[in-house]
Amino acid sequence: MMWNHFWVFPLYLLCSPAFYHVNAVDRNNFKSCEQSSFCRRCRRMKPGESTYELQLDTVVVKDASLSAELINSENNVRFNLVLTALKDSSFRLQIDEVLPLKPRYRVEHVLEGTPAEGRLEITGRTSSSVAVTAATGVKAVLSAAPFKVDFYNVNNQLAVTANQRGLFRFEHQRTKPVPKPEGEEENGGGEESGEAAVAEDPGAWEENYKSHHDSKPLWPTAVALDFTFPGAEQVYGVPEHADTLALKSTKKTDPYRLYNLDVFEYELENPMSLYAAIPFVIAQSVSKTVGLFWLNTAETWVDVAGNSDENVVSSIVNYVSGGTKVAQVETHFMSERGIVDVFVLLGPKPHDVFKQYADLVGTSFLPPYFSLAYHQCRWNYNDQDDVYSVSENFDHYDIPMDVMWLDIEHTDGKKYFTWDPVKFSKPLEMVKNLTDKGRKLVTIVDVHVKRDGGYFVHNDCENNGYYMKNKDGNVYEGWCWPGSSSYPDVLNPEVRNYYADQYKFDKYLGSTDDVHIWNDMNEPSVFNGPEVTMPKDLMHYGGWEHRDIHNIYGMLFVMSTYQGMLNRGGVAVAEKAAAKRPFILSRSGFAGIQRYAALWTGDNAAEWGHLAISLPMCLSLAISGVSFCGADVGGFFKNPDHELFIRWYQAGAFLPFFRAHAHIDTKRREPWLFGPEATMLVRDAIRKRYMMLPFWYTQFYINNQTGLPVIRPLWVEFPTDRNTFTIDNEFLIGDSILVRPVTEPGVNEVKVYLPGQSEVWYDMDTYQPFQADGYVNLPVDIRKTPVFVRAGSIIPLKLRVRRSSKLMHDDPFTFVVVLKENGTAHGNLYIDDGSTFQFLYNKKSLFISLAFENLQLSSTFVQKGHHYDTKSKVERVVIVNAPPSITKARAVRLKGGETTELETAYDANNNGVLTIRKPDLSMAEEWKIMLLSSEEL
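The sequence shown maps to residues -24 to -1, 1 to 913 in mature numbering (1 follows the signal peptide of the UniProt record, and there is no 0).
It cannot be assumed that every hint is accurate.
Distance condition first, Cα-Cα at most 30 Å in a straight line; then the derived BS3-like pairs of lysine-lysine [unchecked claim]:
| id | residue 1 | residue 2 |
| --- | --- | --- |
| 1 | Lys413 | Lys643 |
| 2 | Lys301 | Lys228 |
| 3 | Lys864 | Lys820 |
| 4 | Lys552 | Lys840 |
| 5 | Lys325 | Lys391 |
| 6 | Lys480 | Lys664 |
| 7 | Lys22 | Lys228 |
| 8 | Lys847 | Lys664 |
| 9 | Lys325 | Lys227 |
| 10 | Lys760 | Lys820 |
| 11 | Lys840 | Lys904 |
| 12 | Lys22 | Lys480 |
| 13 | Lys22 | Lys78 |
| 14 | Lys38 | Lys402 |
| 15 | Lys408 | Lys847 |
Quick caveat, the hints were computed from the structure, so don't treat them as lab data. Please read all numbers here as calculations on a predicted model, not as lab measurements.
Generate the whole structure from the sequences, applying the supplied hints.
Structure below.
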């Protein structure tokens, strides 16, 4: 979906698609830091002038926590500081006012439960500091004046320092000053810099932006804290931005902004806010990795710098070239409201940080199998006959497809949970036409509600007080797709329950458990609101202002959808295992959204730059917990040419979420509409995706269990190779497949970096080996996407591609075993029914360890007590770099000891590929295949 900026327009203009087709984002519709009063104040603080002091005589350590009092010496305002040791080598630091005029918002719904605490003890004291050590071996040293905290990892390396530069700021609550009589000094001549910054800032107490007024009824209350990462060479994270994966210095630009906004056809390589806001960073060096999670849902800005005058990179160059400076990265988090609540994740390796972060915010939901296949979407398919025709054409052109999507035009006048009575008059018949072929339907449910007396959702929300209110207590009315709209207060649990109920089959008539949901426009988008979103001084349940919770508003709406889809069939608690797993796509997100939904990168354009930026955008989300990410294939705006169309499918097939989508004004672009060559190559890309679905599903299960990203920057697996630190045009799927999509026009050669000094990478198409040795130049024609398998990997595939993934469920597996020089390889395979919660409640699943050692390939169950009666068998084993002396193979079923001689074929001309055909081994039992030379027969 998309938007445009206007205040009030006639409905006929709103409904005209051409009205929205513009060429680029208008930056003037969005604030800069200088136009945001709290960012302006926090950013103008001078390093080294901290006025905050820790009172060492108030330090108390009990069980897992240290508590103490912190004082601002400038005004004697007192704060509570609590430092808590967590069980996984992490710390939590919280700071709040001792006597606030009104309690500050403490974030709910983001953490997955209460973090598990460890033990903490004092291990050192001086007149100016106190040191505490956790049971896991990590340590924190708190200095008194000026206040700062040094955090050390388990290797006793200084990993991060809070308030090293003295930029900590906590604007205490106060009453608005009364203007002094004319002739008297406003500040009484006694205020110092921090207080003066508030007193002199014209936007501190109320603020105007364009025609919008923010009343700020609860005073200026910004919080800010700087974090220094000594030794770090790069820092990543704080999605969502259309920028490089490695964060750039912001010394000469705005900070990275975290404020969920509806930004269409966004600009590339700048720190402007987009649809999601995740305040999480990872700092990386060759010796350590550290993560930092700033738990604050208000508007936040993040400055990034190195220890040089200009940028992060120059300090690294100085370090690498033998200079005296040590690499260092600095960040500065600044939020409009809330408390200081930050988690320091001390690694020390990338995998450790991901697991520590997942312990806090949870892992991705295990997606239903179909959702990893190919999705076909457009704003909008015209009617149910159009949907049927498109589905039929996928079969005609022999292109697999799992999901058809319907945008806002399928509804009755933009009223969600309804169907257009003419164009979509028989939704159940339409759904059945799809499900008969193993396909699904996704429909859109946006957050805004049409103010229409004939619309049941509006009437319910109006009558029950479910809408957001202005500061004066009246229902807020904004403008979105339906025209005049209001917005549910999803901070209210009663409202979330109401929305969940709307997904029940007896309410959302025409839906079935094969209909899944798209929550769009949930930043929330308000066409006539400030910065195209809600005013900050709207009021939520519990007396909180919208500014307190803006960045989780969209996630709260998605939570309702997820709960509603779980309950929509009326499944009793005892039958939860049989419930279908929901698939939800959201545009807005915060940390924790991965527990409920996938994200996509929003309203991109059919341009090569937008194709290229989709890779670092999804990688940034993946390392911040959201692995299920993709970009609109082909570009949402504009019309791709033949080459871009093909290359986008080839790239999109290797991102976790694979959906084509387009604006209503664009030309139709189903895969067969660009000529025979494009049809063939798009078909090939989609078929490759379907062949790899077992591998993708396994990676998502591993992510669900461990928090390890499904797609990964190269440095995640090669953290000591600093050459990988700035590479974001290629990536890993799991730890074993490297993909370098072609994102440049008209090229016949690309550079690919192959990491790992002793690694060998095999071209997935030809099995040609490449010794890792930095960059290699590879020829690429329009058919080629460089994809490599890491030696030592076992890749599960299904090669019988059918019209949908459901029809492939019982098909046999092929295992590609790529041996290291020592003759070993390892991998995993996860199998369940692909749709229900039987895997969770009844242990109906198989997590299989595949290992090749000592000329034997074995399949063993990792989780004892789990079982799934899969009908799938082993159809073929392909062993790359196999010993040429092998001539035969023998299968052994471990359960009964039965042996079977197998047929083999060795191709010495194809990089030593040994193929074992038709082992006929069931994946529901453990087995091994032994390779035999002629002497052993």
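Status of the hints after comparison with the structure:
no.: 1; hint: Lys413 x Lys643; verdict: 27 Å, holds
no.: 2; hint: Lys301 x Lys228; verdict: 22 Å, holds
no.: 3; hint: Lys864 x Lys820; verdict: 35 Å, violated
no.: 4; hint: Lys552 x Lys840; verdict: 22 Å, holds
no.: 5; hint: Lys325 x Lys391; verdict: 49 Å, violated
no.: 6; hint: Lys480 x Lys664; verdict: 36 Å, violated
no.: 7; hint: Lys22 x Lys228; verdict: 16 Å, holds
no.: 8; hint: Lys847 x Lys664; verdict: 23 Å, holds
no.: 9; hint: Lys325 x Lys227; verdict: 29 Å, holds
no.: 10; hint: Lys760 x Lys820; verdict: 39 Å, violated
no.: 11; hint: Lys840 x Lys904; verdict: 18 Å, holds
no.: 12; hint: Lys22 x Lys480; verdict: 56 Å, violated
no.: 13; hint: Lys22 x Lys78; verdict: 29 Å, holds
no.: 14; hint: Lys38 x Lys402; verdict: 64 Å, violated
no.: 15; hint: Lys408 x Lys847; verdict: 26 Å, holds
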